[in-house]
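Bring the two chains, given one by one in their own frames, into a single complex with the hints.
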Amino acid sequence: MRVAPPRGGPRLTDGRSAPLRRTLPILLATAAALAAAACGPAPAPDVVFEWRLAPSPPVVGDALLTLHVQDRSGQPVQGAALRVEGHMSHPGMAPVVAQAAERQPGVYEASMAFTMRGDWILLVTGTLSSGEPIEHRIDVRGVQPPAE
Amino acid sequence: MTAVSTTAPSATGRDLLRTPGVGAFLKWRHARLTLQIVALAVAVAVVLHGLLGPPIAPRNLATVVTWVHYRGLLVIALLAIGNLFCTGCPFVLVRDAARRAHAPARRWPRALRTKWIGLALLAAVLFVYELYDLWSLPAATAWLLLGYFGVALAIDVVFRGASFCKYLCPIGQFNFAASTLSPFEVTARDPAVCGTCRTADCIRGRRAPEAPATVLRRGCELDLFVPAKVGNLDCTLCLDCVQACPHDNVAIAARVPGAELADDRRRSGIGRLAARPDIAALAVLFTFGALLNAFAMVSPAYVLEAWLARAMGVTSEGPVLLVIFASVLVALPAALLGTAAVVSRCIIGGPGTAVRATILRYAIALLPLGFGLWLAHYSFHLLTGVLTIVPVAQSAAADLAGWPILGEPLWRWLGMRPGAVFPIQFGFVLMGALGSFATAYALAERDAPERPAAAAAPWGVVLALLAAAAIWVLTQPMEMRGVELPG
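Going down the list, the protein sequences come from chains A and B.
For reference, each letter of the first sequence is one residue, going 1 to 148 in our numbering.
For reference, each letter of the second sequence is one residue, going 1 to 487 in our numbering.
Next comes chain B alone, as it looks inside the complex (with noise of 0.2 Å):
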């Protein structure tokens, strides 16, 4: 085999991997699978109580676990270390567990190795979630939590690799766009040391040396090159490469979240961004689609739901979502970023500033500020919600014993108040929109290096205008509808 030529920088910062104590852990063999239990554990509890306990969403663990502490905690995990939902993921650890019955045989189509399928998947997880008020739900919530599980599990045993995490996992292209905020990175400890590697270990897992074909320690499952990777997209800090590389070369290493937007470099397993549409259209959906998560569960939306059922003639909430669904996360982004690439074509001028390219360069920018309204509107119910699992764990537990075993719930116990909560998350709004202007100048720096202000005033106007709208939906009073399907 051929040494490997690499041009990835050394990884300088703190190394979680030599953080003592996590660093301890994290390079346990047995790390990710205890995390795995764990999350399982918390699952198969999810799915049991939303299909048999009460069908009451603030007293079942499926609805608080999943729409309370789950999506709050894994957004602040992403902001704080990184893509550790994505470690412990328990459909991962079922996965594994089929293939030692049913070893896949074939490799994911070509044609389909992008993320469209991922996103239209995500889209359409938003879109059920507000036509069926799955958070009101105990027993739809476990059903989705069991045909995820299902859904993976088919796929996952058919194809090699991580075939669902990779194209497929609605939550994993959540957790790439998001991880692209996190403060640490998976990365080539000291790049000349994988320059001499003759064995590429971290993508072809470590082999016995007596038996070349048995794979001791598994390699990168989504096709990412430790010393060709850049950033955190499609890293599911799975920790496989961590533990495949014999020369101890592998550091999750911290580093400027966001920073990664502007690296125009070409990444293994993923290419150039700014060739990647459908990576393009992942930031959009992220940012688009956290715009109109959060703006479902404020007053003003009923009032538009009602405006246009009258005004399409329909009765039900379907036909009328569909619309708000194509307006928000299709027809604006497509005015805006269609706008703003014309009007920066106009400044820049010259050749290679077509209007698609434009888009797709500077697409990737809206990340940060989704990532901000994602932050402000799941840590609100965490926040806001905190406590409630205590309460709800006596009411199961009681339940389970027939007597209050963990004594009567507190039903009084929640967390901060929502008032106390609005610095916060306007906090984390600012911080969005900043880190989103910030990205969107490196990228027009390289581009028009005379005028880089001039060049990212139009995006600016864009990115001013969505964080506008996000304060705007936080300061909307709060209305959640969903005891019953609409009708």
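The following block holds chain A by itself, in its conformation from the complex (with noise of 0.2 Å):
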């Protein structure tokens, strides 16, 4: 059984064409757009977190996040709305998302769950009172089994 080609012949050059000379502008326009994208949010505002979380070290299941949000100065910041969105650090995870509310000036808590052990980052999201928007990311490494 032969199991090659007959041997011989001109070396093979490609013949392929137009259609991708057509699409290129697409494809770089879409990049363009894309990276217009890269400017991004406007930057986070002269705001300071502070954050504890109960039970520590985290556990699957409830906790309570505190934050304490104050400017530069050292002064509570107030009427904040805030939200947090839990997420594993691995895509596709069932996220946790929360409200949080104002207990005392510029402290705020968002009752939540861990789903699952392993590494979580809490994305605080909101507005200042300004109407500002405000962001800020909140690592929680190793969430552990509840106990016994």
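In case anyone wonders, no lab produced these hints; they're calculated from the structure.
Remember, it's a predicted structure, so these values are computed and weren't measured experimentally.
Label pairs and their computed distance ranges (CB to CB):
| no. | chain 1 | residue 1 | chain 2 | residue 2 | range |
| --- | --- | --- | --- | --- | --- |
| 1 | A | Gln104 | B | Pro55 | 29 to 37 Å |
| 2 | B | Ala24 | A | Pro146 | 54 to 62 Å |
| 3 | A | Ser56 | B | Arg310 | 18 to 26 Å |
| 4 | B | Trp403 | A | Ala147 | 39 to 47 Å |
| 5 | B | Gly419 | A | Ala147 | 17 to 25 Å |
| 6 | A | Ser56 | B | Val22 | 55 to 63 Å |
Where is the CB? At the ideal position from N, CA and C, for every residue including glycine.
Written as structure tokens, this is what we have:
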């Protein structure tokens, strides 16, 4: 049985043509549009976050996130509308979403539940009383199984 | 030129190329180009969002598309049809564009015409994925993709044919291995027609009659000669042979998935499987790599890492992972397959049953189980996170437009519950294990026709152990790390 083609013959050249030339501008335009998105959201306002999780260290199950939000001069930031999104470090996993309520001036609390062991990213988003958007990322390492 | 002799069987199953609608599309001259353009557009979006978008994996197209959707759809396409992702490979589109400016002149070195470099790269990708937690790093994912484009381009503007695909591409090697379990195969529709063919356009390309130096339609770049092609190994389903054949004699025919694994005929562009240690190693890496990749996502993996780190007196993850990889990808297969081969040799006896030769012959039987485990793992991520592409695309569009043009991201859109996916995962592993048992038995029937069950038994034990390990991994609680690089 032959397992190779007849030998000899001229060197192969490829005769592919036009469609790529027509589609390249579309691809480049898409690239440019996405690059424009790189400008992204406006820079975050001058706000400092401190946070605490209970229980600590965090375990699978209910958790309370407490946020102390201050401006650079140390004054509490009041009247912000904050929301917490909890994401696993791996994409495609169920996030948890919670609204944060202001318990004291500049102190916000959000009740949430860690649904899986591992590393979590908590994304605090919302607006200040002035309407300025705000975003802050909190990395939570090694959520453990609940105590027996 | 001489006529081509062939012993290939006729394509008797359903032919995709004669299926209404699908067949017309696949035979369309620009079918592959269309798929490649779509894939390239997705790749561009992935790279740009990975580099410029939010650095949070679940909110970035790079990580969501690459590690949830691409991998899941890849294995499901391989299971349902065949190597469709190689068909639409965007690297080849870019390569073809580059070759218009710089035609390659060299042939890939003869000494390197094996899978060994591709295997090393596949192992390296699996290692780097775990070491740097690539699933959690959008920018690194984008750079990985860019690097892939760069290497593919660099190789293929220097070397003719599909050198990168055949010998180097880690994804390609993965796809080649998995496509042995696909239900369709490119083959000659009627071997008698190939027997009378005098031009072999399917591999040499269709030439312009008035200018024989010009190839109008490219032939197979992977050196697979359709009349002597057996199975899907090394086939990128590029459709070049379909386009080039002047007799319309190439079919994408239905077949029994995995049956080619027990086919001992000499294969065009490959040779005999039993004489290819690199392909046996591919089967081993594919299968034990599936086990390792799934194991790395469950809690016991972190317990093992912590224990090893203490035992080795190290604080960084690299050396620990190196020990785990060497153990699972080298030491464990050597021990299991070596033992099975020795026992098998004792049972069969007689000449021609050297341990090494026996391992080379039976290692290929691992592939169905390996594919079952890859399916179980990747389909879990796809099925549980299939809808996450919606909020991530909404979020990307909002970044682009400056306001939520597609609405507020629906972060609660996910997919199936993990518990609901487990029976599917279990089914994939079970089907894979059964396929591996059947392959080992088919091989044993030929080696020891008097005692096939006894000859296959040692391999059955190895496969049962691996299947049990796979089921155990799937039942473990998931635990995913990766907020930052390990220190």
